[in-house]
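Peer 1: Residues per chain, in single letters:
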Amino acid sequence: MRKNGKMFVRAAAAALIVPLSLFAPEKRLEISIQEVLSIGALDDEAIFQWTGVAADGDGFIYVLDGLDYSLKKFDVKGNLVKKAGRKGQGPGEFMAPRLLACSRDLLYGTDQTVQGISVFDRDLEFKKRIPFSRPITDLFVLSDETIVLAAMGFPEPGKIIVMDGSGHVKTELAYDEKDAGPLMNSVSAALDGQGHLYLAYLFQDRIERWDGRGKRLWSKSLLGMKKPEMKKIENLILPTEVCYKDICLDDRGRLFVLVGKHAKNPSCDIYVLSPSGDWLSTLTLPDTSHCIYIDRQNFLYVRANEGITLKKYRLIYK
Amino acid sequence: MSSRQVNRGRLHRTSGRWGRRWLAICLFCLESLLAGLFTGCSSAGPGGAAGLSDSSRSKAVCWLVFDYDSLFCSPCLAPLFDFCRSLPVAVQEKRVWGILVYAAHPDRNRDGRHAQIIRTKIRGFAKANDLRFPIVLDGLHVFDSLVKSNISALLFNDTHRTVKAYAFPLKPEEKAEIMRQLSN
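Protein sequence lines correspond, in order, to chains A and B.
Going by the working numbering, the first residue of the first sequence is number 36, and it counts up by one from there.
Going by the working numbering, the first residue of the second sequence is number 1130, and it counts up by one from there.
No lab work stands behind these hints, which were simulated from the structure alone.
Given the structure is predicted, the values throughout are model-derived calculations rather than measurements.
In silico DSS-like pairs for lysine-lysine, Cα to Cα no more than 27 Å straight-line: (1) LYS1300/B / LYS122/A; (2) LYS1277/B / LYS1304/B; (3) LYS1256/B / LYS117/A.
Which residues of chain A face chain B? A few of them, derived with a C-beta cut under 8 Å, are: (4) LEU77; (5) GLU80; (6) GLN84; (7) GLY101; (8) TYR104; (9) LYS122; (10) MET130; (11) ALA131; (12) GLU341; (13) ILE343.
Covered stretches of chain B (in silico footprint by chain A; criterion: 3 or more residues with CB under 8 Å from a CB of chain A, positions within the stretch not fixed): (14) 1199-1213; (15) 1250-1260.
All C-beta atoms, glycine included, are put in the ideal place defined by N, C-alpha and C.
Construct the entire structure; sequences and hints are all you get.
Peer 2: Here you go:
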């Protein structure tokens, strides 16, 4: 951590409650899922290609849709409440919407081709755009003054950046100092209640846990891969296979890892790990997903029907 | 859609072996389209029995061929959108077809679900981008080779008995020619 290593700890502790079970030794688990809601079907026009999802404390679900360039709000029953946005680069507009996160009052969305973070209120009214110039590979919000993002860099190292609501950097962690090549330091990130940071490299077989002072606690390779497959595209040598697609934490601090091509069931298998990185269980989704998201009530959200459908599942632990 | 120019505006009626092959492919496609062989095809539209009056049937129609993957690449289709925005709505609705090429995944499309998913997606995409022309799925994959060759537009002119192929982005004179023929 370059500026203030304790920032992660303070920020996370203020926003999240540390469950006592986190400190208990973990045993192997059996986890299953039970569908509680499905939004979007082949014969309706609720969703065309959802990319980012977030849920607030009242059960409203917010979705970024990449094919109609919109931000959508659904109620607890899955009814479309409101839709905002259109194609463009102006305020409240999208070209290629990607990531979505929410605080108590606000929504934060990224766009692959438009710099910065667009901020909306819960009625989907555009409020502002937080300036940020680098590609963002993951985003979560602890409060409206503590926004955490993973920024991809080349030739700069990848960084985890904590910024305030105006875009001022509070602290940053350069997690990958060496020049690994373009895209190679892209990560999905998650932060637990103790301020520990988890990173899953999208194009490397690496999952890591860092403490709040910027020290790497462990690094794991779950897939047994030595080198990712690369391909030369124009002048760049780029990875072609996604190792880990996304990570998130459940309410007990267990790490959920959506595995890409090298899983037994690619883009369906979720490895569940303990905070110390031990494998606890594998959960297999019925359909492929590009991301996983667990809300504050511990519901799991994933994709189905190639992005037309959003599934909400209850996690059942045995 | 690459900027590489392939067969730009070539008059295929007189272009030798490849030209005859293109013409044969295009005629096959035209017949297939009219016969409703393509997924999602309807009888209405340019050249279709219900789409145009007898007097307008002899005029030009344009097929825009694009790849499903390009839907998720905002800059890739920018030249196509630029072209479409310059077309009057009536021309888009009556003289233009979109042909969506997609990769054949036998496992994914065993029950036709993948095609149905694409059809749903294209509805939202067309609406959000204000595309007024009908878009059909190339379920037979006869247009795959065109996309690989960067051919993005085919202009049929019944009066001149010609088929011309274009790659995007169009040169200004190519755009003007297509506009002129479609507007006549």
